[in-house]
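**Q** Sequence:
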Amino acid sequence: MDERGGRTDPGPADRAGAAGAVTGFETWASRAVGGVPQLVRRVPFTGAVVCALVLVGLVSRTVWRPLWRESWFHEVAYGVPALREGKVWTFVVGWFFTLNPVQFVGGVLLFAVLVGACELRLGTKRAALVAVIGQFAGITGASLLVWALSTTSWTWAQHVAQARDVGFTTGALAVVAVTSATLRSPWRLRVRAALWFYATVAFLFEGTLTDVSHGLAVFVGMVVGQRLWGVEPGYAPRTRRETRILAFGGMLALVFVELVVLLFPGHGPFGETSGDALPLLDVLIDLVLVGFVANQLRYGKRWAWWVAVVLGALNVLGAAFALLFILLGELPEGAPVALSSGLLWLGELALLLFNRGSFRVPLRRRLIGGVAADELNLSRARGLLTDVGGSTMSWMTVWPENRFYFTLDGRGYVGYQRHAGVAIALADPVVPAGTAAEAVREFAAMSEHGGLVPCLFSVTDEVARAARADGWQTVQIAEDTVVDLPELSFKGKKWQDIRTALNHAKRDGLEFRLVRLADEPFAILAQVRAISEQWVGDKGLPEMGFTLGGVDEALDPRVWVGLAIDGTGSVHGVTSWLPVFGPGGQVRGWTLDVMRRRTDGFRPVMEFMIASACLELRERGARFVSLSGAPLARGGSADLEGVDRVLDKLGGAMEPLYGFRSLHAFKAKFSPRYEPVHLAYRDEADLPRIGLALLRAYLPDASTRQILAASFSKP
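The sequence shown runs 1 to 715 under UniProt numbering.
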């Protein structure tokens with residue numbers, strides 16, 4: 001530092017940091033540049049068109065000069081005048097030009113991004129065919145339509161019939177419209193809604209020749225794409241969730257259009273779309289109020305549906321009056337805007353009326369069929385679990401923090417928790433074999449009725465397959481580690497650590513006892529609680545819940561607890577084992593839950609206790625034990641993509657706090673077989689809310705300050 005407090009020369013740390021930043025940027029840049037040739041090879045049609053657009057723009061100098069100023073503009077621009085003059089070549093040549101430099105940049109980027117992504121999905125031949133046919137048919141059809149309408153007294157059509165245009169955007173939108181048919185819900189509907197909304201708004205408030213051709217390309221592209229390559233039938237929303245999101249987005253888009261019209265007035269088919277009749281204050285108030293109502297539509301609230309329907313009806317009525325004035329030859333101020341906005345509201349109103357069943361959530365949220373875990377419901381759930389059996393995690397569903405949805409036939413239930421507007425179903429539905437899919441559908445319907453987002457957490461392959469067959473998406477979040485007991489013997493090199501732990505424990509006089517913790521004397525119970533509290537205190541966060549039990553859950557008389565006790569009566573470690581029921585009340589195996597050790601006790605106490613428990617539980621008739629799956633931990637993360645990669649990164653961030661991956665690696669000492677554990681959700685857009693809900697489920701008592709402080713602390 002100099003005497004004025006300024007920095008005179010960067011220190012070694014600063015230089016190292018700067019060098020690291022530069023190195024990181026250079027690495028990223030080199031990867032990006034190196035990946036361009038590979039990407040171009042995968043989208044040759046898009047690459048060829050983009051190169052042609054750039055080359056034509058440079059040669060014709062239209063990259064920096066408006067095309068319409070050139071003397072030869074009429075020789076390359078298509079439109080009704082070109083048809084009248086017989087210049088049919090313009091309907092092909094005009095594809096590779098743009099009107100001005102701004103449209104050049106936007107057109108090239110639009111084509112590269114949209115058509116490039118679609119070419120990856122459709123294939124080069126299909127994408128090229130759709131783009132060429134869509135472009136030619138769109139601009140030709142639009143020109144012929146406008147020419148026919150110009151013979152009437154419609155001033156707008158007469159004006160557009162004199163205009164010429166250029167560009168390849170119609171073909172690009174045709175490709176996107178066709179490709180939308182190859183997407184699965186909910187993105188299929190969202191892409192189509194965005195395309196149709198853009199085309200409609202552009203036509204109503206601008207109404208250029210390009211807007212007409214865009215509308216034709218989008219409409220025909222959706223129909224043709226659905227017929228030839230549609231992966232799902234129909235055009236309507238498939239679930240209540242899709243309907244609510246569409247209604248939410250539609251209302252926000254409608255009020256956003258009001259703001260755009262106010263700031264950027266234009267000339268549409270019905271006249272001047274000036275925003276002068278819409279005071280800025282009124283538009284901002286509408287934005288706030290409609291935004292609030294739209295957000296409640298997202299949760300399916302009945303009152304919000306009524307408000308939206310009334311707003312829609314008033315706007316449609318206003319549009320009818322505006323149309324009447326226009327037909328009578330009068331054009332009062334604001335009539336074109338009222339008519340155009342009313343037509344947009346007509347679509348929103350139709351969506352709300354035809355899907356009114358999706359908006360039945362009462363003012364005060366309640367779940368029909370969902371009940372709290374009181375003594376009666378807990379007893380009923382435990383009885384069903386004992387009768388029909390469950391997965392290795394099913395016993396966790398009968399912990400008091402959970403709620404229950406009992407199926408309509410009364411033969412099973414789904415255990416779940418509610419956090420952050422999400423209903424998190426824990427483990428597989430506890431239902432008779434072959435009925436899991438119906439239980440999932442019932443649970444989703446109950447959640448939607450209550451305005452909650454449903455998800456299935458820690459389900460097995462069987463339930464994940466049933467959910468996917470019903471349109472859900474799944475991602476692996478952990479691996480259950482299962483040790484088969486009948487053939488278990490701690491022989492061979494891979495069991496060396498386990499044998500060492502058993503031998504050292506015997507030498508040190510350590511005894512393993514499998515007990516019911518509630519029956520143990522106060523001295524033992526006090527030590528168990530002290531060990532647990534010390535473990536929690538070392539983490540800097542409250543004890544985790546949800547799928548991770550504690551001492552209170554270990555006190556259940558159905559749960560076995562393993563204790564490592566030395567000759568003085570001191571407890572060195574504690575484990576708890578949850579029952580895994582099969583049909584008819586038979587206990588097939590046991591699941592490891594609590595794992596606590598004294599910090600100054602016998603070092604390999606966990607290896608000793610788990611190995612001893614395996615041997616003793618086998619003698620009691622168990623066929624397997626589950627060492628449980630550590631959340632957000634699994635092997636083989638090198639080739640992960642998308643949501644899997646995000647979860648893998650999250651697991652890495654959580655490692656310093658709870659050591660999930662270290663725990664997963666520790667369990668590998670027992671040579672288990674691995675069974676995938678999944679998260680099932682219905683929409684990627686729900687994932688942020690589901691992530692927040694899981695955080696609150698695992699850490700219901702943690703404050704934001706605690707979580708942040710623990711996140712930045714050293715491991």
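Simulated from the structure, these hints should not be mistaken for lab results. A quick note: this is a predicted structure, and the numbers were derived from the prediction, not measured. From the three backbone atoms N, C-alpha and C, an ideal C-beta is built for every residue, glycine too. Keep in mind that the hints are not guaranteed to be accurate.
[What the hints assert, rightly or not] Ranges of calculated distance between the beta carbons of each label pair, as one might list FRET restraints:
hint	residue 1	residue 2	range
1	LEU287	GLY86	47 to 53 Å
2	GLN586	LYS125	54 to 60 Å
3	PRO688	LEU378	28 to 34 Å
[To be verified] Simulated pairs of lysine-lysine, DSSO-like, Cα-Cα distance not exceeding 30 Å:
hint	residue 1	residue 2
4	LYS506	LYS669
5	LYS494	LYS506
6	LYS669	LYS493
7	LYS669	LYS491
8	LYS493	LYS506
9	LYS87	LYS125
**Q** Does each hint hold? Answer for all of them.
**A** Evaluation of the provided hints:
1. LEU287 to GLY86: 47 to 53 Å: holds (50 Å)
2. GLN586 to LYS125: 54 to 60 Å: Hint holds: Cβ distance 59 Å, inside 54 to 60 Å.
3. PRO688 to LEU378: 28 to 34 Å: Between PRO688 and LEU378, where Cβ atoms are some 32 Å apart, the hint holds.
4. LYS506 to LYS669: holds (20 Å)
5. LYS494 to LYS506: At roughly 20 Å apart (the allowed maximum being 30 Å), LYS506 and LYS494 satisfy the hint.
6. LYS669 to LYS493: holds (11 Å)
7. LYS669 to LYS491: holds (13 Å)
8. LYS493 to LYS506: Status holds; Cα separation ~20 Å.
9. LYS87 to LYS125: This hinted pair holds, its Cα atoms lying about 29 Å apart.
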